[in-house]
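Participant: Each chain, letter by letter, is given below.
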Amino acid sequence: MEVLTGWWDDFFWGSLVVVELFFVALILTVLFGLIGSAAKLSKNRFANAIANGYTIVFRGTPEILVLLLFYFGSAIALTALAQVFDPEVKFVDFPPFWAGSLAIALIIGSYATETFRGAFLGVDPGQVEAARALGLSNLQTFIYVRIPAMWRLALPPFGNHMLSLIKDTALVAIIGLEETLFVAEQAIGYTAKPFTLYLVVGAIYLGFSTIITLTVMLCEKYANRHLEIAK
Amino acid sequence: MSDNQQDIIVHVENVDKFFGDFQALKAVNLTVARGERVVVCGPSGSGKSTLIRCINRLEAHSSGRILINGHELTDDVKDIDAVRREVGMVFQSFNLFPHLTVIENLMLAPKLVRKTSKAENRELAMEMLARVKIQDQAEKWPSALSGGQQQRVAIARALCMNPEVILFDEPTSALDPEMISEVLDVMIDLAKEGMTMICVTHEMGFARSVADNVVFMDQGEIVETGPPATFFDSPKSDRTRLFLQQILSH
Amino acid sequence: MSFDLDLILDSIPQMLMGLGLTLQLLFLSLALGTVLAIILLLMRISGRWFLSAPAMAYIYIFRGTPILVQIFIIYYGLPQLELVRDSILWPILREPFGCAIVALSLNTGAYVSEIFRGGVLGVDRGLKEAASALGLSPRQRFIYITAPIAIRLSLPAYSNDVVSLMKSTALASTITLLDMTGIARTIVAETYAPYEVFLSLMVIYLVLTWMIQRSFGWIEKRMSRHVRSEI
Numbered sequence: 001m002e003v004l005t006g007w008w009d010d011f012f013w014g015s016l017v018v019v020e021l022f023f024v025a026l027i028l029t030v031l032f033g034l035i036g037s038a039a040k041l042s043k044n045r046f047a048n049a050i051a052n053g054y055t056i057v058f059r060g061t062p063e064i065l066v067l068l069l070f071y072f073g074s075a076i077a078l079t080a081l082a083q084v085f086d087p088e089v090k091f092v093d094f095p096p097f098w099a100g101s102l103a104i105a106l107i108i109g110s111y112a113t114e115t116f117r118g119a120f121l122g123v124d125p126g127q128v129e130a131a132r133a134l135g136l137s138n139l140q141t142f143i144y145v146r147i148p149a150m151w152r153l154a155l156p157p158f159g160n161h162m163l164s165l166i167k168d169t170a171l172v173a174i175i176g177l178e179e180t181l182f183v184a185e186q187a188i189g190y191t192a193k194p195f196t197l198y199l200v201v202g203a204i205y206l207g208f209s210t211i212i213t214l215t216v217m218l219c220e221k222y223a224n225r226h227l228e229i230a231k
Numbered sequence: 001m002s003d004n005q006q007d008i009i010v011h012v013e014n015v016d017k018f019f020g021d022f023q024a025l026k027a028v029n030l031t032v033a034r035g036e037r038v039v040v041c042g043p044s045g046s047g048k049s050t051l052i053r054c055i056n057r058l059e060a061h062s063s064g065r066i067l068i069n070g071h072e073l074t075d076d077v078k079d080i081d082a083v084r085r086e087v088g089m090v091f092q093s094f095n096l097f098p099h100l101t102v103i104e105n106l107m108l109a110p111k112l113v114r115k116t117s118k119a120e121n122r123e124l125a126m127e128m129l130a131r132v133k134i135q136d137q138a139e140k141w142p143s144a145l146s147g148g149q150q151q152r153v154a155i156a157r158a159l160c161m162n163p164e165v166i167l168f169d170e171p172t173s174a175l176d177p178e179m180i181s182e183v184l185d186v187m188i189d190l191a192k193e194g195m196t197m198i199c200v201t202h203e204m205g206f207a208r209s210v211a212d213n214v215v216f217m218d219q220g221e222i223v224e225t226g227p228p229a230t231f232f233d234s235p236k237s238d239r240t241r242l243f244l245q246q247i248l249s250h
Numbered sequence: 001m002s003f004d005l006d007l008i009l010d011s012i013p014q015m016l017m018g019l020g021l022t023l024q025l026l027f028l029s030l031a032l033g034t035v036l037a038i039i040l041l042l043m044r045i046s047g048r049w050f051l052s053a054p055a056m057a058y059i060y061i062f063r064g065t066p067i068l069v070q071i072f073i074i075y076y077g078l079p080q081l082e083l084v085r086d087s088i089l090w091p092i093l094r095e096p097f098g099c100a101i102v103a104l105s106l107n108t109g110a111y112v113s114e115i116f117r118g119g120v121l122g123v124d125r126g127l128k129e130a131a132s133a134l135g136l137s138p139r140q141r142f143i144y145i146t147a148p149i150a151i152r153l154s155l156p157a158y159s160n161d162v163v164s165l166m167k168s169t170a171l172a173s174t175i176t177l178l179d180m181t182g183i184a185r186t187i188v189a190e191t192y193a194p195y196e197v198f199l200s201l202m203v204i205y206l207v208l209t210w211m212i213q214r215s216f217g218w219i220e221k222r223m224s225r226h227v228r229s230e231i
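Residue numbers (my numbering), protein chains in the order written: chain B, 1 to 231; chain W, 1 to 250; chain A, 1 to 231.
Take the hints with a grain of salt, since some may be wrong.
Reference listing, derived: stretches of chain W covered by chain A, where coverage requires no fewer than 3 residues with Cβ under 8 Å from a Cβ of chain A [what the hints assert, rightly or not]:
1) 72-85
2) 92-100
3) 104-116
Please keep in mind that the hints were generated in silico from the structure rather than gathered at the bench.
Please read all numbers here as calculations on a predicted model, not as lab measurements.
Where a beta carbon is used, it is the ideal one built from N, C-alpha and C, also for glycine.
Full structure from sequences and hints, please.
Facilitator: Structure, rendered in structure tokens:
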């Protein structure tokens, strides 16, 4: 393991990038999931169609392709935009961090759309009726009754989405993000020990997965605490 | 009731059953002779289902002895298999195999356990289906049948293994009222033909007309047993009296 | 940004030449992975700790780390080990195709075994009891009752995994294989036209996804003909 001396802090910073990417993508995922599921459940046929198209496209396309498309595509779009202002500009690079988090959030968001949709449908309609009878507006009912009820149902599958999310962050290395795989490649250049180094990357991700799994278990316990008493 | 050992099919001696700290059965003693029809009744949680599930080892008794036709029921797989060949069971929720047709449901166990030929199995199966008056449904899927029909198929399935005794675990509790009598009629026919049976049920009319012996259980113990006449008309224990009041007052 | 139609018409046939490789990767890994999954499942439910513990550890590791990292470990990492270079598996592991198949099979095996396990757990307890009561041995119970029902219950999740596997085959392009994504990337590198090329590739993958889903829909229908439909 002496091969790793000197590389520990690089791996640390790389891991930090992964964590940042994870949280940014997570927030966007929840956002896309809520918007998508609301669109699918609404009576507006146009919204339904867009949401359906969204889920079909992003669940059926390889993640790496989405990443490549976003990265190269947004670089070109940004360059074109910049050229409008300054014709001298040759190429604007779109930061891989943002291309990556957006792409991953859109992908996992399409799965979250389905999960949230199912969870919303699972909410006891009696509760909603009670809220309306009490005079709560649509928006208030949504925030104070629907979302808390739906969250308990969505949590287990959403935990799986979070695991997919953290694993997909590894793909962002392909478009140049300087996270753990990048560090590993550098270290391989110096030490010629690819097996050891990629194993380290694997172990880092395994650590993250474990943390996520444990956190989800705790959240599930918390979300279901009102049911424990009934047993 | 003859005490000749040859005639005792089920012998339960001093049996306790614990689920963790909870004691479901307390020092239960029961003997059932060949041809005898026993009805077990009692409030929920009294242990009646647990008792019969111990008899075919769906639950393992914690202490005491259980003997079926002379075989003692132990942890040994050979003993358990030997017992299950002699003991048939009909469940509250029928438990017909959904991916097999009615006749395939009946033919499966004889094929695998008794290893008889397909032709013999089919003949036996049709015979049993006729016995429960449902032979025209032989090729149907269980899901196409009503609850009463499914339960009759379940009885036929148990009969195909030619058991010495059949255990019924609340066979009509999951049925709509209008289907209960078709199942009870089949059970009455079986009783008339001399089948030994232990039946957990709330159907007191059935108990009165068919049972040789009624057993009342409460909180894991057998409180009282007796022939229907004495049991229903002059129960000895207060608890029995209370239970009969509750269940017969409708 | 102009949309070069000619380029699209040119690149699609080129990318479709990679279809053969994509399908080989898919079917071979699916077959091997499913076999592995059955073995892992039997180990997992065997009740013997020295079988179930390694199986659980294996599943945990392969589901907790990114598949890209697994591919890199096998392709770039294994050659580092003399043990591997001297073994009989070396001819397979030396080639990127062999490495991709190994990585994809090992990975999908872990996921599919959990899917099968979910199916097995979903079989009604009453059915297993009825089989016991009739005198069937545990082995007979598993073969004639549990397995057929578990397979039908697993089909939806299994079909999702097949789609995932198909998407993962695109990662083979990161280890020099010229599957459809690999070819697409070379075209983009030459023509600087990511939109046209990647978007057309996306359409091809969507068609594949659709075909997989249709096939499984048909299989599910056939297997469920005895299940009473909700009235």
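Participant: Find the hints from earlier in the document that the structure breaks and name them by number, from lowest to highest.
Facilitator: Violated hints: none at all, because every hint is consistent with the structure.
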